[in-house]
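Undergrad: Sequence:
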Amino acid sequence: MFYFQLVIMAGTVLLAYYFEYTDTFPVHVQGFFCFDKAYSKPYPGPEDNSKAPPVLVYSLVTAIPTVTILIGEVTSFFVKTEGAQEKTIVTADCCYFNPLLRRIVRFLGVYSFGLFTTTIFANAGQVVTGNQTPHFLSACKPNYTALGCQSPLQYVTEHRACTGNPYLVMSARKSFPSKDAALSFYSAIYTMYVTLVFRTKGTRLMKPTLCFVLLSLAVLVGVVRVTEHRNHWNDILAGFVTGGAIAAFLVRGLRVTGTRFAQKEVCKITLVGCCLRASGEERWTDHITVSANVNKFLNDCSLHVTFHATNPEMMIT
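Here the numbering used here runs 174 ahead of the position in the sequence shown, where the first position is 1.
Keep in mind that the hints were calculated from the coordinates and are not lab data. These numbers were taken from a predicted model, which means no experiment stands behind them. Honestly, I wouldn't trust all of these hints.
To be verified - Below 25 angstroms or equal to it, Euclidean Cα-Cα: the simulated PhoX-like pairs (lysine-lysine) are: (1) Lys225 x Lys215; (2) Lys215 x Lys315; (3) Lys211 x Lys315.
Required output: the full structure, derived from the provided sequences and hints.
TA: Okay, here's the thing in structure tokens:
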């Protein structure tokens with residue numbers, strides 16, 4: 175299973191690479207209306223000149239969750255009481271992980287997978303739709319005379335209508351959804367979940383403050399993209415939905431998997447020879463529900479216990 179997960183991860187990274195750095199998936203060429211004001215905004219310059227350049231965005235979406243997970247897990251591990259700490263050493267085919275390393279690898283591994291998945295979904299949406307950016311006509315530089323544009327209602331479908339730099343034209347056709355917005359929101363939602371999982375005392379304002387900062391940074395990236403005429407508002411909202419949906423799906427899987435694992439390990443109990451005294455006489459009950467306190471992370475583990483009068487062993491279901 176461990177090797178199978180590595181294969182899936184490698185395939186995801188490879189697909190993201192082909193979408194991002196190769197022409198394997200050509201961009202759909204959409205037409206445009208002559209003199210369309212929605213696409214006539216001035217060219218904002220290269221992405222590196224943006225107030226939120228890709229290098230900064232990608233660095234933050236990588237560094238902030240990684241540092242948060244590392245600090246949170248290490249702190250949580252060492253402040254736990256000895257009885258509450260996990261003692262199990264998990265084996266992954268060939269490797270042995272202690273509980274701290276296992277949790278760090280799980281959180282960071284799932285986060286990395288989601289990061290590349292978000293990149294794939296965003297790039298796939300851009301390639302399939304081919305929606306133009308607000309500065310598309312400035313990058314395209316169409317020859318309106320040669321195209322015979324006499325009215326703003328005239329629709330141009332010529333593939334060779336643009337005379338501008340081919341690279342800038344191709345980039346201007348990849349607007350929906352906004353990849354930067356998707357990655358920023360994915361990072362914020364995932365890190366918020368991991369932060370809320372940590373159980374710390376005396377820090378009632380720290381978690382809400384951190385969540386507010388993460389969401390604010392994600393929204394700020396979207397606002398910058400719109401104000402610089404690099405994306406439309408619907409591109410930003412679609413990016414938020416894409417990144418948020420992927421993060422919610424992955425953290426839900428983490429929560430369900432962790433809960434089921436804990437229940438499976440704790441609830442496998444054998445209860446023998448339990449009886450009740452009523453009116454001075456011992457008698458067996460047909461059915462009884464026992465509620466056992468599991469630990470700080472699992473509130474209640476409900477066990478349905480069946481007693482047999484001839485056999486004092488109880489069957490747990």
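Undergrad: Tell me the hint numbers this structure goes against, listed in increasing order.
TA: none
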